[in-house]
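Chemist: In case you want the letters, here they are:
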Amino acid sequence: MNFLHNYIYYIGAFGLIFIGIFIIIVKRNYIKVIIGLSILETGVNLFLISVGYISNGTAPIFSKAGIDAKNMVDPVPQALVLTSIVIGLAVLSLALSLAIRLYKHYGTLNLQKIKEQKW
Amino acid sequence: MRKIIGIILLIIIAWGIITSLQKMPFGTSRAKVADHYINKGKEETGAANIVTSVVVSYRSFDTLGEVTILFLATIGLGVVLTTIKRKEDRDTEKASLILSTGCKFLFPLILLFGAYIFIYGHLTPGGGFQGGAIIASAFVLMYLGCYKEKRINETGSILSESLGGLVFVIIGLIGLAVGTHYFLNNFMPKGEFNTLLSAGIIPIIYIAIGFKVGSELSKIIDLLMEES
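Those protein sequence lines, which keep their order, are chains F and L.
Sequential numbering of the first sequence, starting at 1, is according to this note's numbering.
Sequential numbering of the second sequence, starting at 1, is according to this note's numbering.
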């Protein structure tokens, strides 16, 4: 029980990562692969945020005068995840545009039916 | 077969991760760099939001790279999608009166909210990227509710995007020329802590990023809506 209490954030984050990897490996539809990529990215972001967490911590913002700096969570992973979300969005939109192009060219999104793409 | 191979692969990865995570303490201490940012960030950058001071002041060079990646993605999207011959107009049904009036009413309010998010980025949780995403969501609403009546103004979009990028780089270069000579040096007066006009160049850069990200994301939406 104590293990679950300590590591619940890691378990959740890696659960999402494994679901994402499994979808990417197993599914044959290109849109589903993109969905798996998106889930994988969410898991990685959650993992990075939970690495910087401090028990009973507050957000790293000095919004009022009497806020103690000791309890603030780590701001660096949060800044990095901000970067990662934006880049993930760029990757997602580019992948979707390639999906549109693939569908117009081959008439299917099934990766096994596309001749040049054997997997 | 693929499923079995996938599950075996995942079990191997999970075993490796579990053995390494057991050595990592959870929720106890911060890294040394984070301690410096939290204890000294208030005086060094003048921003109340430490995450903002990390993104725009300490690690602003990374942010420049990030903005460039978003820009490249937009260009790539344009290149991939516009080589397709454009289809004739689809038969779309006009949205009902309630929907089109509602989205016309909500559009300026959502733009205002996005502007608030990126102008107050150094005081509250928020910033240029978030504000830009909210502005792009206003354009999504417009496209869904009033398709074919309102489109993004191409010149305005390109202009605000280029201006945002230029302001970012030029302010960084001025920081290089003035004072302690490093890129994106915070050369402007810090002002009173925890007020709107504080933190030197941070709000200006975040406003520039807000305009850039907002116009880029709405351009992406415009391209995807046009082709689908």
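Treat the hints as calculated values from the structure; they're not laboratory data.
We put the beta carbon where it would ideally sit given N, CA and C, even for glycine.
Heads up, a few of these hints could be off.
Said to hold, decoys possible - No more than 20 Å apart at the CA atoms, straight line, and that leaves these computed lysine to aspartate or glutamate pairs for EDC-like:
no.: 1; chain 1: F; residue 1: 70; chain 2: L; residue 2: 35
no.: 2; chain 1: F; residue 1: 64; chain 2: L; residue 2: 44
no.: 3; chain 1: F; residue 1: 104; chain 2: L; residue 2: 44
no.: 4; chain 1: F; residue 1: 70; chain 2: L; residue 2: 222
Stated by the list, open to error - To be clear about the criterion: a stretch of chain L counts as covered by chain F if any three or more of its residues have a C-beta under 8 Å from a C-beta of chain F, and this derived list gives those stretches:
no.: 5; stretch: 122-128
no.: 6; stretch: 139-146
no.: 7; stretch: 214-226
Claimed, not checked - Chain L side only, calculated, beta carbon under 10 Å to chain F, not exhaustive:
no.: 8; residue: 6
no.: 9; residue: 13
no.: 10; residue: 17
no.: 11; residue: 18
no.: 12; residue: 24
no.: 13; residue: 29
no.: 14; residue: 41
no.: 15; residue: 55
no.: 16; residue: 59
no.: 17; residue: 71
no.: 18; residue: 72
no.: 19; residue: 74
no.: 20; residue: 80
no.: 21; residue: 187
no.: 22; residue: 189
no.: 23; residue: 193
Chemist: What are the numbers of the hints that this structure violates, sorted from low to high?
Modeler: Violated: hints 3, 4, 6, 21, 22.
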